[in-house]
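Sequence order for the protein chains is A and B.
With the working numbering, letter number 155 in the first sequence gets 170, and the count goes up by one each step, no holes.
With the working numbering, letter number 298 in the second sequence gets 313, and the count goes up by one each step, no holes.
Simulated from the structure, these hints should not be mistaken for lab results.
All figures in this text were calculated on a predicted structure; none of them were measured in a lab.
Please note: incorrect hints may appear among the correct ones.
[Stated by the list, open to error] Covered stretches of chain A, going by a simulated chain B footprint (3 or more residues, C-beta under 8 Å): (1) 125-137; (2) 229-239; (3) 250-264.
Ideal Cβ positions, reconstructed from N, Cα and C, are used throughout, including at glycine.
Number of protein chains: 2
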Amino acid sequence: MKASKRSNDIVASPIRGLTKNADAAIARGLTVYKLNIGQPDLQAPKEKLDALKDVDPKHLAYSPTRGFPFFIDAVYDYYRHHDLPVEKNEIFGTTGGSEGILFAVMLAVDPGDEILLPEPFYSNYLGFTGMAGAKVIPITTKIEEKYHLPPREKIETLITSRTKAILFTDPGNPTGTIYTEAEVEMLVDIAIKHDLWLIADEAYREFCYDGHRHTSALEFEKGWDRTIVIDSFSKRFSLCGARIGALISKNPKVRDIFDKMAVNRLSPPSLGQIVAARAIGSLDDYFAGIQREYKQRRDLATRIFESIPGALASKPDGAFFFMLRLPVADSYDFSRWLLDEFSIEGATTSLTPAKGFYETPGLGLDEVRIAYVLPVRELELALTIVKEGVREYKWAKREVQIDPCVTQRRIRTRK
Amino acid sequence: MKASKRSNDIVASPIRGLTKNADAAIARGLTVYKLNIGQPDLQAPKEKLDALKDVDPKHLAYSPTRGFPFFIDAVYDYYRHHDLPVEKNEIFGTTGGSEGILFAVMLAVDPGDEILLPEPFYSNYLGFTGMAGAKVIPITTKIEEKYHLPPREKIETLITSRTKAILFTDPGNPTGTIYTEAEVEMLVDIAIKHDLWLIADEAYREFCYDGHRHTSALEFEKGWDRTIVIDSFSKRFSLCGARIGALISKNPKVRDIFDKMAVNRLSPPSLGQIVAARAIGSLDDYFAGIQREYKQRRDLATRIFESIPGALASKPDGAFFFMLRLPVADSYDFSRWLLDEFSIEGATTSLTPAKGFYETPGLGLDEVRIAYVLPVRELELALTIVKEGVREYKWAKREVQIDPCVTQRRIRTRK
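The task is simple: from the sequences and hints, build the whole structure.
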């Protein structure tokens, strides 16, 4: 009665890794600003939830395997709205983006096969590659280059006879980086040349700032047969718990396989389909407001991070994540310490240590991810706690000798 | 860019295999009685859906990995109500029963390992064992024995060094069979002796008739460390589309692994948690009515089936499925023919050919499953169509020479 080998290979997400510490801090009476989970605070407009007021009980039945027709129609309209070439019969409703990742990875690899994945990456991918028995081969990207891709030759040296797919997130999580059109086309070209699947997680498509434009993998017709797009509507519309996403393929053979996988789990969540279809109807107004708000937060975060001595921040162009290199040796220990031993005026901040976003040992040890999912005023407090925390931590750890009294705020350090 | 080997190994569910034929029949103007999908028609009481009227937008956020505390509390109450020994920290909310199956199978096996599975079985299991790369070893059960288990010695001959788990559904789908206490204990004992996981799918726990009692695998403390129970609340409460189930383990090491798997997909559907928690609150009244209704349908189906010359029905004690051996050589062709070429008074019936419920080649070819998920009046029409269809089909196929005019009803056969 030994658990499978894969059970051990599956890596727990680092994103919720300090949940117990955060809960303990809350139990001690602290306010904990949670910047560790990419859960948008911008609530879905109340009128979206009105869709639930008169749920037709028949919509609590199983939907068709790919989703209710009204949902498929809404998703189709969504892609039309973005001028993306997606037909109705190319759309699969999924249980969040997560299920799309599971299906795509299961389609692409057998145990022992390899998947190329730019690092730092969305760490939850490892749960699905672990289930599939795939080996993740990281394409290392660097904070100094704002996590853009290395040259094509460098990526191609990573390809072996076992390489079956390139998986990437664009706009990036945890990086917030938006690949240029040339970068996306390079990935398409590499996939074509080496006969690989190209799995593009585009859940943050609309989260672009400063006029940056997102390039969808679907824009390159030459790659259509091998391109699989993962999408999430629950994330996009701040309806995370509704767990509703989509999986797109223009290759009928791929769709046959997804149909076989999908039919076994019967249907995506019906209620999620209802609220997502309603949300898609009010697309433009929604994102204009969202983009303004997130840009403001990002700019605030940038200002604060740039004032932390020794820190390096990669000001992101998209999504709602920030990667930050801190002047500490062990960002996990720092994040734990913030929750366990530090607070300012009854509050502390929960970060995600970045080690889990890297496959290469030794990388990311001094980096953290923050999700800027709090209103500006709270975000400022949360990030000030990080800034002051760095100073205090370095003193507490004797990494530097500074007098903690220089800070004007009341700092309480638990002994 | 070849799809993985596992993509080919994954078997599509036979339950929706004739969907296109049914859709075509509907397009031709026919009423199609769908007895092929185990989707209860008994609608969730309207007041359960009232839970959705004032959804707190914060419940559209991700829930904790295992579910919202209010949902875990409700599930805990549910097991208390059934006198089953389940503690709050042993409960995982899942996306329907399906996700529980995925997690349990992924925990139990590595590629090439074997899982014992009584056949006929819920065919969708094959999608998950296929993803896991597991080999299904059938424990054959027979309609003549009402699909009860063979003796222990016979089961033990199937066990090899690669056998890692026994997976079973009780009450059974597609059989409706309820194992005796002695049968469940035998499975527990076999699992203990051979050090196997015991995965019990108990989604139909309350669907028991004629005073039959369901025995949960959880009732045997000696097997607790290896027992994993799969449950579904959406199915139980006719809320199939809400996709909400539970996974139970009393083994902390197992729970650690499920936590790792579950955290990667973030959370079970929030709205499903809301309606399921509400539904659990009105347990008793609900099932008293349900049991009466299903028993009536089962008795009706039994009467009709017993009047089909040459047919053999396994009158089920539980769930809402009926297995039926028909006097035809190929029940798939018969089921297809019913949809494509047969109708009575503008209506026909959709069945599930049973071949897909068997792993052993050649078994189930003359059997079908029906789910008695229609009100009595419609069920009677639907089953009369099957009965008359058998007669007409055998004539059309020249399996027997009878005069189709003997039937008094207007039968239309498409040429």
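Comparing the hints with the structure gives:
By the rule of at least three residues with a Cβ nearer than 8 Å to a Cβ of chain B, the coverage given for the segment 125-137 of chain A holds, with 3 such residues. Evaluation of the coverage hint for the segment 229-239 of chain A: breached, as 0 residues show C-beta separations to chain B shorter than 8 Å, against a requirement of three. Evaluation of the coverage hint for the segment 250-264 of chain A: fulfilled, as 6 residues show C-beta separations to chain B shorter than 8 Å, against a requirement of three.
Checked against the numbered hints above, the structure breaks only hint 2 and satisfies the rest.
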